[in-house]
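Its first residue numbered 102, the sequence shown is counted upward by one per residue in this note's numbering.
Any given hint could be a false lead.
Unchecked claim - Taking lysine-lysine and the BS3-like style, the derived pairs with C-alpha atoms no more than 30 angstroms apart in a straight line are:
hint	residue 1	residue 2
1	Lys167	Lys107
2	Lys277	Lys167
3	Lys146	Lys187
4	Lys182	Lys267
Hint data in this document are derived by calculation from the structure and do not stem from the laboratory. As the structure is a prediction and not an experimental result, all values here were calculated from the model.
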Amino acid sequence: MTTIEKIVVLAKAIPAISPLHGEITCVAGIAEDDLWRRLHPVPTKYLSKSYFMKFDIIEVEIAAWKGANPRPEDRYLVDYKGRIGKISDWEQRRAFLQKHLDKSVRSILSSGRSLGLIKPLIEDFYLDQNNRLRYKFRDIETSYNLVCREWEALALARKYPNEFEKVKAKFCDWMKTRDTYFVIGTTADNVTKMVVAVHYPPKA
102 MTTIEKIVVL
112 AKAIPAISPL
122 HGEITCVAGI
132 AEDDLWRRLH
142 PVPTKYLSKS
152 YFMKFDIIEV
162 EIAAWKGANP
172 RPEDRYLVDY
182 KGRIGKISDW
192 EQRRAFLQKH
202 LDKSVRSILS
212 SGRSLGLIKP
222 LIEDFYLDQN
232 NRLRYKFRDI
242 ETSYNLVCRE
252 WEALALARKY
262 PNEFEKVKAK
272 FCDWMKTRDT
282 YFVIGTTADN
292 VTKMVVAVHY
302 PPKA
């Protein structure tokens, strides 16, 4: 059984290789019932701005996720119907983020969810020994050092493969001047935490 839903896109993750589907990504956002959805498998062509961006409102046909280790928000993407709207104004975006803000990373996980939104205090952004983007940050409870799977960050890193200082200038130094939010998610086994998207309205 499938359903049609409208979802505000809040995360477009770095692509991964699936033995069954090839190169795919997952997209996460908030549905009309104010609950999180994680859509996959999503073909990587949908990462293009010509399809949709963060804060676009998309219409999709989805079904229950029947794979291994389903997380509460997981849905199978049956069909992408199209982009039907957008939250364009920064103040409207901030209000939307505030409406769905969690207290901390721990509060997201203790609620039984595998997706949520927090306000970080960014300490560092760097490449680890495996060439993965990582954030060091604090929430109101504790410190974290998590892999960053934000598509926008990867695209910038690919644009400047030998000039990481330019990537860090935006995703660390500049982000500290903004009203920054992290979308926090977990891996498919619902164990490893990661930053899956970054939002950065101007400070009020």
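Here's how the hints hold up against the structure:
A threshold of 30 angstroms between alpha carbons decides the hint, and for Lys167 with Lys107 the separation of about 21 angstroms falls inside it, so the pair holds. For a cut-off of 30 angstroms, the pair hint linking Lys277 to Lys167 is broken: about 40 angstroms separates their Cα positions. A hinted pair counts as satisfied when its Cα atoms are at most 30 angstroms apart, and Lys146 with Lys187 qualifies at roughly 20 angstroms. Straight-line distance between C-alpha atoms of Lys182 and Lys267 comes to about 36 angstroms, which puts the hinted pair past the 30 angstroms bound.
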